Amino acid sequence: LDDKGKQLVSQISEMQEEDAVKLAREMLDSGYDPVKLLGHCREAMAIVGKRYEEGEYFLPELMLAGEMLKAIGDMAKPLIKQDASTAKTAGTVVLGTVQGDLHDIGKNIVTFMLEINGFKVIDLGIDVPIANFVNSIRENKPQVVGLSGFLTLAFDAMKKTVEAIKEAGLRDNLKIMIGGGQVDDTVKNYTGADAFGLNAMDAVSLCKRWVPA
Amino acid sequence: MSAEGVAPAPAAFYQQRLNRLIDAIELREPDRLPTILFSHFWVGRYCGMTCREIMYDYDRLAVALRKAVLDLEPDAFQPVHSLVAFGPTMDILDYKQLEWPGHKGLAEDVGFQYLDAEYMAGEEYEEYLLDPTGFMLHKYMPRVAANLEPLSQLPAYPGVLHTRIIQSMEAYARPEVRRALETLIRAGEEMQKMRSAQARVIQELKDLGFPVASHGTTHAPFDVAADYLRGSKGAMLDLFRKKDQLLNLMDRLSTLVPRAGIAAVKAAGGNMMFIPLHWGLDGFMSPKQFTTFFWPQFQKVLLTLINEGIYPHVLWEGDCTSRLDVIKDVPPGKCVYFFERTDMFKAKEALRGTVCIRGNVPASMLITGTPNQVREYCKKLFDVVGDGGGFILDAGVGVPDEAKPENVQAMFQVAKECVY
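Protein chains in written order, with this note's numbering: chain A, 1 to 213; chain B, 1001 to 1420.
Among the hints, erroneous ones may be present.
Distance condition first, Cα-Cα at most 25 Å in a straight line; then the derived DSS-like pairs of lysine-lysine [stated by the list, open to error]: (1) A:70 - A:6; (2) A:159 - B:1404; (3) B:1242 - A:70; (4) B:1266 - A:120; (5) B:1233 - A:22; (6) A:50 - B:1233; (7) B:1243 - A:22; (8) B:1288 - A:160; (9) A:188 - B:1380; (10) B:1288 - A:50; (11) B:1404 - A:160; (12) B:1104 - A:70; (13) A:120 - A:175; (14) A:70 - B:1404; (15) A:141 - A:120; (16) A:141 - A:188; (17) B:1242 - A:22; (18) A:81 - A:50.
In case anyone wonders, no lab produced these hints; they're calculated from the structure. On a predicted model such as this, the values are computed, not experimentally measured, just so you know.
Looking at chain A on its own, in the form it has when it is part of the complex (with noise of 0.2 Å):
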């Protein structure tokens, strides 16, 4: 790592927005290599999700990384000739807020701590009916599906969709983490999930957990 580098890194992860945001940019006029630079972010992110991990960070923090590294991603991105998409991705997650419930931060901080952590997340977003669901694990073929949901109406939607992907034969071989301010081991039994988180480090561990590397 070059001093460039780690000053990039240091300053995401110490949640110098402006300072990092000026660097990369110069970084990347002065013709530094913009898939080098990604890796820099990429690193920072993991120091960033580990101090999440650890309680030194909260949400706030996640968000303004995920804001820094929206800024240096769209500045990098358009540099890069070849597609740089084929990393290999540690699994794959189907995730979304369940039918009736328009709650999405819960769902959204989830998503980027997933992917920092090398998942491939696709994210239904909110109110998602049950068929969309059934319909993304046929087409992704996802090892987690993940139901979000922040009212306690959540839970029967839950239970819906879980019965209802059941039925289209896909739930061997699937596992299915539900998550949200009210669940708890008995909406777990309730609605047929494997297991439940409280925020996003559980959905985490629980993913890599699920599916090793």
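Since chain A is already given, all that's left is putting chain B on it; use the hints.
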């Protein structure tokens, strides 16, 4: 039963229930464990209404509330119209901040939901700070209600004076402004209908011996900034990008926000304030961010209310266990902390002798569990959290919309057996 073997009059029950509640709040042991019936849509659904009907039919909702209160006999109840019965008024306004049953994409039988968005841009801090009322009138109201958009044309009065005041009247006759003003009057009339339906059932229930658990609502300053002004993303980024402006905003809000709630409580002749919190929980912000941007300004709101003789009922949503040592810094015997997932036993340890605890039968248990599970859970709460008084039994964030009636009945029944 009184000494003569005659059942006491409802008025005596009213006072008995109120005393039970006040004893708990002021950290004395009441005669038995007090309860509050707090729900959004459960009360109506208990009586066979859909969420859509609950939001639109004031009279049926009043009948439902009356039935639920008489069946469950709580020591106080949360008036439910002012929590949910907004449908007709929102139609008149073409309201944008909520999505509700039967409106656009939502089904008839799900509750309404708040739409998280940026209702004040990052560039508008200074404008808000200079003139909050002007901002709310000219910009915020038009943004949250499509039919109030022409309010943006109203004169900017701090600069309109002397004969210009007289000339400024022209604005009110513009066809689009006229339509907005007519919308306001129609919405006002609709809201008066809702309010009188609520007032009638409150009076009926008072005559039957049941006090009200909340006479008004207010917020934590950070929640106002994050939920209602900047949106969750904007507020989180402002913690870094606009720290000073955010702190200035918090400072203004800590004075401005409680005013309307205090006025409502006083107008109702009551002394209970409901305060739902959204951003205080563990994990949403760091301990340092919490003690910089959330707690000091909210503590100021609490002290203002207490000085006004009002008991704040603070609903600490989510798990706030890591905040206990900070939030215990309030005058003793004045506040109720209503917990959802906070560790109730740790809460009791931290708050004993300071704050009355309310809660927290889990939503999952009330929706999917059995009456026996509910009874066991409530008894355990009474034994530990109820020790020495200072505890009010309630569900985690009130009775969830989908709770099984037999589970709710078990919760209220068991409290009657929890005698000090």
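Now for the hints, and whether the structure bears them out:
no. : hint           : result
1   : A:70 - A:6     : holds, 19 Å
2   : A:159 - B:1404 : holds, 17 Å
3   : B:1242 - A:70  : holds, 19 Å
4   : B:1266 - A:120 : violated, 55 Å
5   : B:1233 - A:22  : holds, 22 Å
6   : A:50 - B:1233  : holds, 21 Å
7   : B:1243 - A:22  : holds, 20 Å
8   : B:1288 - A:160 : violated, 41 Å
9   : A:188 - B:1380 : holds, 23 Å
10  : B:1288 - A:50  : holds, 19 Å
11  : B:1404 - A:160 : holds, 18 Å
12  : B:1104 - A:70  : violated, 32 Å
13  : A:120 - A:175  : holds, 15 Å
14  : A:70 - B:1404  : violated, 46 Å
15  : A:141 - A:120  : holds, 11 Å
16  : A:141 - A:188  : holds, 23 Å
17  : B:1242 - A:22  : holds, 18 Å
18  : A:81 - A:50    : violated, 31 Å
The structure does not agree with the numbered hints 4, 8, 12, 14 and 18 stated previously, though it agrees with the rest.
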